[in-house]
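Participant: Sequence:
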Amino acid sequence: MSSSSSDDGGIAMKQFKDKHVEEDEEVDGGTSREDELDLVDSASGMSSGGGAFEEGMASSGVPPVCLSFNDLSYSVRIKKGPFADGIKGLGPKLRSCRLWTKESKEILKPMSGHFLPGRLVAIMGPSGAGKTSFLNLLSGRTREGKLGGEILVNGHKLSRDQFKRASAYVMQEDTLLGNLTPRELLTYSALLRLPRSMPKHEKLERVEKVLRQLNLVRCADTRVGVPGVTRGISGGERRRVSIGLDLIVNPRLLFLDEPTSGLDSTMAEQVVTILRNLARQGRTVVCTIHQPSSETFNLFDDVFWLANGSLVYSGPVAKLTGYFKTQGYACPKFTNPADHYMRLMSRSEQVEEEDYVKRIETLADHQKQHAALIPIEGYRLPARCLTLSHGPSQGSGISPIDHHHGREDDDADGDGDGRKVAGGSGGDDVEFRNEKLPKLKKAGPRFLKQFLILLARAWKCYIRDPGVTKQRLIITLNIGVVVGLLFLQLGHYQSDIQNRQGVLFLMITQAVFMTGNSVLYLFPTERPTFLREYGNGMYGVTAYYLAKSTADIPFHIVFPVIGTTITYWMVGLREDAGAFFICLGVILLVSNIAQSLGLLVSVGTELPVALTIFPVTVIPHMLVGGLFLVVSDIPKYFIWLQYISPFFYAFVTLVRNEMEDVTFKCRSSEMVLGVCPIVNGNEQLDRLDFDRYPTWVGPICLAGLYLILRLLTYLSLVYLARKRSAT
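Quick note on the working numbering: the sequence shown kicks off at 1 and runs consecutively.
Hints listed in this document are in silico derivations from the structure and should not be mistaken for laboratory results. Heads up, a few of these hints could be off.
With a cut-off of at most 25 Å between alpha-carbon atoms, the simulated SDA-like pairs for lysine to any residue come out as follows [unchecked claim]: (1) K368 to F334; (2) K460 to L546; (3) K109 to V483; (4) K203 to I453.
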């Protein structure tokens, strides 16, 4: 570790040591909360400095954690080419035919190491080196493939759930709701993740402190926005908000995948500076990073360098150039070591593949023998880094600590040994000890509270996006008026029979496509946020699904009511209040069926795919809906489709509602052999073969289809959430 880092941190601790001693004593003597607070520390333990991090480790209240891994390896099974072994014959031999073969591909070769608390660690390497796979393995986010070796937390194994509750993972992409502000996003995160026993005012205080820590106060009430769509905060601020969403729970371990991706050098340096200061508060912070500037690179304490799936260096950044110099790869003067060694570890046309592989294997073998890692034994850090915000009696898992009062640390001058965390004062330091962490309990609110919070958030997002609502309103009004003018005040002549059937089918079609398409655009944009929050244990699928569905209900009632009312009375359909409300009820059912189908289609697909699948699914149902083909003329091999078609049940109900016992007349041109073909609507129902269906069949079947689609959508959402969280 560089001397400048040690000096700066030491000054910060010395300046604020006296200032916070009383606060720390109060925290140590505080009353205990429920066991749920093992997951997160109370708000009083966090830094209240104005985002400058002067308080360093003294006030975080985060118990330190050492993450170690021994002989960690990872491989996956991949398919190799179609018909790899060829066709081996027909008949009985057909069972031995292989369309492909599976081979094992080694992603990460066996490696060992550890990450210490109070230090910011970078995982680096060229593209394809295995950085993200390595980070996902360490963070417990990978279940597929073959994992070798072991991962330990303070020398002990944790279950996957326990590990997730003790850590946080910030993804590379910022999955934020653009209509909310940083303060609102952090508030919802706090309400959904912090212990139910913690008073609301303390949760809100936690939000304000995180805003100050991440230098987000100035943009706290500015909408986040959607890049390329709506204006909002900057890229660096978006990244800090993403970090804050997980920082709200004061995690012991913090993993970040490419936190500087897409940022310019200045913003990247600001983000890494914040991560460095978070580490100084006693956290173990590990992130992947790709080709940082020299200034950004020097902010890291340790670096783990991967190449071709092997670990070629692990140790302090300050010792990187010296280490590789001994291997014959000196870094030229005035050259960024990160850039130089990235080129060295990357494949290139100038280097033969065999020579490249041999170089990496040699470096990996030497790394195993001469790792530059700081030993866990004897590792020291400032005492207040270990102070729990709810007192040592709570069972933090960091029990008896050896204090060394009044003794100057051997590395206080910053000679590069790095055994003491930069930021500590010369005295009053402690020796870190591996102690088993306690079991961490799920601490969030109960189901009803989750539902209400998510419902409020969904409503706020809708209200903040009036453009979509205005667009749907304008389209609904336009279509209603155009259809009304086109079929204006139909009479009761023979030609009006077909016209009435046409306008009724058109109303059904409008409800299906208007509602379905609106859902197709909304859910895919929110899916990444849902998957991230579900993966973090913020809420369950049921609470989210019910909240989302409930928030959508007014929009799937208001617009169909407006469109149906305009069209119904302009066209001059049956002038009866009962008939109107039956028509309105059927359209509402169809609209909600379309919404359910749109959700089902868009749950696991991207928008372009969903826009293709939805009409392909709907059109066959239209064709058997009863307008284009008489029921008796539908081929037997397609008759099953009629019984699951919302168009059919809606059309039968609306036509019966409109035609039953209605008298029709003829113009002279419509007479056939001097006789009016249809004088009563019941005759038309008989021709369409609709008279065999009782009036109640349509609404009941529509309601059944709605419930089935809702259930299928829910099950699909559960499957998607569990599948993504398992990878």
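Participant: With reference to the structure, classify each hint as holding or not holding.
Facilitator: Structure-based check of all given hints:
With a C-alpha separation of about 29 Å, the suggested pair K368 and F334 falls outside the 25 Å cut-off, and the hint is violated. About 16 Å separates the Cα atoms of K460 and L546, which keeps this hinted pair within 25 Å; it holds. Between K109 and V483 the alpha-carbon distance is near 67 Å, which puts this suggested pair outside the 25 Å criterion. At roughly 14 Å between alpha-carbon atoms, K203 and I453 fall within 25 Å of each other, so this suggested pair holds.
The structure is inconsistent with the numbered hints 1, 3, although it conforms to all the rest.
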